[in-house]
Amino acid sequence: MSTTDVTAAEAQAAAPQLEIMSGNEAIARGAWEAGVRFASAYPGTPSTEILEALSGYDGVYAEWAPNEKVAFEAATGASMAGARALASMKHVGLNVAADPFFSSSHVGVTGGFVIISADDPDMHSSQDEQDNRNYAKFAKMPMVEAGDADEARRFLKIAYDISERFDAPVLFRTTTRTSHSQGVVRLGEREAHDEPLLVLDRDPAKHIMMPHNAKGRHAFIEQRLLDLAEYAETTELNQLEIGDARVGIVASGAAYGYAREAFPQASFLKLGMTYPLPAGLIADFRARVEKLYVVEELDPFLEELIRLQGVQVDGGKDLLPLTGELNPGLVARALSEAGVPGVDESLLLMPELAADDLPDRPPTLCPGCSHRGVFVALRKLRAFVSGDIGCYSIGGLAPFEAMHCSTCMGAGISMAHGMAKVLDPAADRKNRPVAVIGDSTFFHSGITSLLDVAYNRSNVVTVILDNRTTAMTGGQENPGMGKSLMGQAAPEVDIPALVRALGITDIRVIEPLDVAQTQAVLKDAIATEGPVVVIATSPCVLEYKIKREAYRVDPDDCTGCKACLRAGCTALSLYVDDAGERKVQIDPVACSGCSVCSQLCTYEAIKAPGPKDGEEAR
Amino acid sequence: MSRPTFNILISGVGGQGVVLASYVLSRSALAEGYDVKQSEVHGMAQRGGCVTSHLRFGDTVYNSLITPGTVDVLLAFESVEAMRYIHWLKDGGLLVYNMTRVNPSTVSSGAAEYPADLPARIAEAWPNTRALDASALAAEAGTFKAANVVMLGAMASALPFQPETLVDIIRRSVPPKTIDVNLKAFEIGRSVGAEVST
Chain A
1 MSTTDVTAAE AQAAAPQLEI MSGNEAIARG AWEAGVRFAS AYPGTPSTEI
51 LEALSGYDGV YAEWAPNEKV AFEAATGASM AGARALASMK HVGLNVAADP
101 FFSSSHVGVT GGFVIISADD PDMHSSQDEQ DNRNYAKFAK MPMVEAGDAD
151 EARRFLKIAY DISERFDAPV LFRTTTRTSH SQGVVRLGER EAHDEPLLVL
201 DRDPAKHIMM PHNAKGRHAF IEQRLLDLAE YAETTELNQL EIGDARVGIV
251 ASGAAYGYAR EAFPQASFLK LGMTYPLPAG LIADFRARVE KLYVVEELDP
301 FLEELIRLQG VQVDGGKDLL PLTGELNPGL VARALSEAGV PGVDESLLLM
351 PELAADDLPD RPPTLCPGCS HRGVFVALRK LRAFVSGDIG CYSIGGLAPF
401 EAMHCSTCMG AGISMAHGMA KVLDPAADRK NRPVAVIGDS TFFHSGITSL
451 LDVAYNRSNV VTVILDNRTT AMTGGQENPG MGKSLMGQAA PEVDIPALVR
501 ALGITDIRVI EPLDVAQTQA VLKDAIATEG PVVVIATSPC VLEYKIKREA
551 YRVDPDDCTG CKACLRAGCT ALSLYVDDAG ERKVQIDPVA CSGCSVCSQL
601 CTYEAIKAPG PKDGEEAR
Chain B
1 MSRPTFNILI SGVGGQGVVL ASYVLSRSAL AEGYDVKQSE VHGMAQRGGC
51 VTSHLRFGDT VYNSLITPGT VDVLLAFESV EAMRYIHWLK DGGLLVYNMT
101 RVNPSTVSSG AAEYPADLPA RIAEAWPNTR ALDASALAAE AGTFKAANVV
151 MLGAMASALP FQPETLVDII RRSVPPKTID VNLKAFEIGR SVGAEVST
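Chain order of the listed sequences is A and B.
According to our numbering, the stretch in the first sequence is residues 1 to 618, in order.
According to our numbering, the stretch in the second sequence is residues 1 to 198, in order.
Derived by calculation from the structure, the hints in this document are not laboratory data.
Ideal placement from N, C-alpha and C gives every residue a C-beta, glycine not left out.
Simulated crosslink set (DSS-like; lysine-lysine; CA at most 27 Å straight-line):
1. 206(A) with 137(A)
2. 547(A) with 583(A)
3. 177(B) with 547(A)
4. 145(B) with 545(A)
5. 177(B) with 545(A)
6. 317(A) with 140(A)
7. 547(A) with 145(B)
8. 523(A) with 562(A)
Pair by pair, the computed Cβ-Cβ distance ranges are:
9. 556(A) with 116(B): 23 to 31 Å
10. 59(B) with 19(A): 14 to 22 Å
11. 352(A) with 160(B): 27 to 35 Å
12. 19(A) with 157(B): 26 to 34 Å
13. 59(B) with 307(A): 31 to 39 Å
14. 160(B) with 346(A): 14 to 22 Å
15. 317(A) with 60(B): 25 to 33 Å
16. 489(A) with 123(B): 54 to 62 Å
17. 501(A) with 116(B): 54 to 62 Å
18. 127(B) with 492(A): 56 to 64 Å
Let the sequences and hints guide you as you build the complete structure.
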């Protein structure tokens, strides 16, 4: 069909435009439709794609901030200047931004302000499993949760209206399942919130959080919560679905979808606004059903609030786990075993795995990864490694096992500092802590930790793995890369100069794929008194699409000793040749030519690419 | 007329094109007028880990997660990842898998063994199986990278879609320069899928 004689506007008027989007893309779409002008974030699974998608829309300025606290404060400022603003982060990112989070609840907003917290139940890619719904209650802030992609788009727009109407930042909480699930989204138009912002409003009582002003704002917040609870009674975010009167289920977000599928005929109170709760609506729902169940992931957040209202709950966390994600089968089994009628029985099957000898497939460093040489060297040195958050956390797994602690962003250096300060001088050198941190994590929260090492002089060796990207989350721009999220040129942080400015005088720069040099430099650094920083600069193979020519194994020289396998590279594998001897081979498609395995080979069997000596590589 | 929810589980290894295959299937379902939900977990997947994609379409789909024992088609991009998810199939469900081997890091490091006799074990565990060497078939079409599209072709007859819908979505989903090779890969997959299923 030709569309040349139909204008785009006519086509759109004729049929709603439907598109499949992830929850995160739909949040970006909703932000754009809501007229958001400013968005700031630090990458973190499962939140990253929100800003990536938002940076593609006209009329929105989107940036990667060095960390979530900075992103949050920048968005607070943009809101104070009158723009609709957004800050997004993963659940643990809100811990980093907690300081401005609480203050912003006091300050309120000028332009609407929504904070996205993408939680990760089941910890698909996280170090902890906290339930950030508690933050809304803690900071006395309204909270909105969507169950699928189109709701994410729609609810986000409502969140901006709530924000401006109640002078409150809004916590928009998603989970991995909502953020990373795709669904059909009905596209809308962008609201006009584009008047030029020319004057910064001077309102000290609202904007300067000194004790006298903050006291007034606290009283305001308490009243605001009461007003919000009243709004919650009638908002379209909360929906009653009355079906089978024997079973009433309160649920929100992804958990609603699981419960709805497991008990298709049940009655539901589906909450899109999960703080504060609508007491009247809940009491009304309770009166209409025989039994009331609360289906939610992680903490009994809704359940406790509902019980506090004096409402009888017949099942909640006594039936469902406090850890991990829920799923339809789990909800179906847990509730039906407790006698809840109306389950979809096809969800009760628990088929068994067809084989019990399948090899695990844990994440691993990519072939060619520039971190590989560092962890091979650290393992050889038997060093104690205080690690951090990034791809290089894989250094703690087999076959490297060269990382001995890792807690949160930036902690690798500061924890090593604390260890070094209490470690007895007589301790063996291999116990001198080596902190390992990536470039993006260093910018995020490693700089102040290294300042502690420099200022308070500790025997810490800090290795900065500078692969010129935020690799773990998919290669986002950072201040060391010379460009911004929106593709503009930016000054590159000079890491050695920055480290020097912090007060570190012993700085050594290495090529991490040279194992012998890396090992020698690290060994000497560990033996040196005082703080040392080793900067391993080598770009990420994945992000920079680095593909050197593949290495190959000469089977005549290979003894099958497996020394090369300590490189932990999936391009290598063992096989048994025709003579029944064990050999190693290199998959030429997977190999990135980094040479680390050949440096580990005792028999010079792994050959650099080059003129072949008359025989084919296997 | 109510259409029951159709469940497709795709399993593979980071970098094998699971995301593109999901993209083509979900857009095809939308084009055929279905409600669609799809879910995958990436995060660390591109670093050699398993990746699965749950894809569901029907009149109304309330959630994106498939429950084990209810999968209509399991599309596995690697032999171990086929065996690992066979039990998710429902009675009468179809397994389509690429008989290729991608070493897990546990095998590369010598800590675990790659099972030697997978094709026979898979055939025994799940008779309704279409096994193909999609990587080699894709190389025939022009590039081994199109193995995911060969796989789509091999499963196409099990879908309640017009084949043209898939062709159209593939055409619009891949880089322009690779349209011909991908469509060729799809056709090879279709004919091989028909052969191995008889």
